[in-house]
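Given only the sequences and the hints, what does the whole structure look like? Please build it.
2 protein chains.
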Amino acid sequence: MKKFEEKTIKTKNIYDGKVIKLQVDDVTLPNGKTSKRELIKHPGAVAIIAITKDNKIVFVEQYRKPLEKSIVEIPAGKLEKGESPEVTAVRELEEETGYTTRNLEFVTSFYTSPGFADEHMYIYKTSQLEQLENPLEGDDDEFVEILELTLDQAKQYVEEQRIHDAKTNYAVLYLEMLGRK
Amino acid sequence: MKKFEEKTIKTKNIYDGKVIKLQVDDVTLPNGKTSKRELIKHPGAVAIIAITKDNKIVFVEQYRKPLEKSIVEIPAGKLEKGESPEVTAVRELEEETGYTTRNLEFVTSFYTSPGFADEHMYIYKTSQLEQLENPLEGDDDEFVEILELTLDQAKQYVEEQRIHDAKTNYAVLYLEMLGRK
Chain A
1 MKKFEEKTIK
11 TKNIYDGKVI
21 KLQVDDVTLP
31 NGKTSKRELI
41 KHPGAVAIIA
51 ITKDNKIVFV
61 EQYRKPLEKS
71 IVEIPAGKLE
81 KGESPEVTAV
91 RELEEETGYT
101 TRNLEFVTSF
111 YTSPGFADEH
121 MYIYKTSQLE
131 QLENPLEGDD
141 DEFVEILELT
151 LDQAKQYVEE
161 QRIHDAKTNY
171 AVLYLEMLGR
181 K
Chain B
1 MKKFEEKTIK
11 TKNIYDGKVI
21 KLQVDDVTLP
31 NGKTSKRELI
41 KHPGAVAIIA
51 ITKDNKIVFV
61 EQYRKPLEKS
71 IVEIPAGKLE
81 KGESPEVTAV
91 RELEEETGYT
101 TRNLEFVTSF
111 YTSPGFADEH
121 MYIYKTSQLE
131 QLENPLEGDD
141 DEFVEILELT
151 LDQAKQYVEE
161 QRIHDAKTNY
171 AVLYLEMLGR
181 K
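Taken in order, these protein sequences are the chains called A and B.
Just so you know, we're using full-length UniProt numbering here: the first sequence kicks off at 1 and counts up by one.
Just so you know, we're using full-length UniProt numbering here: the second sequence kicks off at 1 and counts up by one.
Certain hints may be false.
All copies of an identical chain are treated as equivalent in the list; a pair is satisfied when it fits inside any one copy or across any two copies.
Said to hold, decoys possible - Derived lysine to aspartate or glutamate pairs resembling EDC-like cross-links, with alpha carbons at most 20 Å apart:
1. K78 / E105
2. K53 / E176
3. K41 / D16
4. K3 / D141
5. K21 / E176
6. K155 / E176
7. K65 / D16
8. K69 / D25
9. K41 / D25
10. K41 / E68
11. K18 / E105
12. K36 / D139
13. K10 / D139
14. K21 / E105
15. K33 / E105
16. K69 / D26
17. K36 / D16
18. K12 / E137
It should be emphasised that the hints constitute simulated quantities derived from the structure, not laboratory data.
Here it is as structure tokens:
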């Protein structure tokens with residue numbers, strides 16, 4: 001859909017980083033006036049709702065520099081260039097949790113912040129986890145701790161804002177809803 | 001929680017825009033090594049799940065420059081400096097939909113993209129809408145079209161990815177779950 005399309009007059013590249021790029025576009029608005037749009041380009045990301053044999057949900061706790069605190073999230077990671085989201089999902093699951101899976105079910109996908117960023121998040125679910133015999137090393141600048149929680153514990157973490165991000169809040173709500181089917 | 005804290009060695013301000021700021025921090029990792037973190041500063045945002053008297057959900061369709069397409073979202077907007085989220089919620093509801101409310105229920109809040117941004121999203125719900133007699137003007141660079149959909153229609157829009165962002169996917173799932181209580 002292109003309703004109310006904003007046509008680009010000029011693009012200015014401000015920053016090209018390790019994870020994100022920033023550009024500022026001059027645009028023509030539907031009423032003919034002009035405005036500026038600040039846009040973050042992001043490679044996209046994948047998150048996994050992973051359920052253990054004893055029906056616990058696998059989370060990772062990690063420090064998030066933008067928030068200056070650590071939060072508890074479902075395992076997730078950025079798409080590498082040319083990588084399909086299913087491949088990213090298994091790789092991140094292996095790197096962050098030591099589990100692997102041969103069975104991924106697509107749950108949903110969404111843009112996380114469509115007002116200023118193009119980050120697209122894919123969410124998968126698996127309840128067929130196998131422990132890796134030789135766990136992989138993750139990124140050398142990532143430090144995570146694994147937690148396995150029941151759904152009731154996870155809901156409590158949401159209440160306490162220890163779980164406090166879009167994909168993870170979504171995941172907890174999704175599992176809560178599945179339980180009501 | 002400060003687990004695995006990354007201490008800032010140096011902050012470099014790259015860009016200070018209308019909506020977002022970009023800074024790059026040099027940090028010390030828990031293992032003593034250093035790394036760089038790219039951080040977007042955002043004022044925070046509010047979204048409203050608004051239900052009409054005939055049990056329809058109020059959405060707005062708007063062009064999202066980062067995605068180069070228009071998507072259908074629940075009404076939302078950025079916090080003004082010093083503004084409480086409840087005040088933002090009512091203001092954005094009035095500006096974007098022509099409805100107002102005296103009754104807001106807090107649903108949840110979450111960080112949208114904790115890996116690179118500090119944007120914090122508050123979600124409220126109201127089913128006590130009143131039509132404004134003199135609708136307000138919104139921002140002069142915002143063009144939105146109002147849609148009122150049943151929950152089944154909204155779920156169809158999610159399937160078709162016309163609804164395709166974190167807060168709105170969350171809202172549809174939340175209403176689906178409420179219907180099962």
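Practice problem: Hints the structure violates: just list their numbers, smallest first. | Solution: 5, 11, 13, 14, 15 and 18
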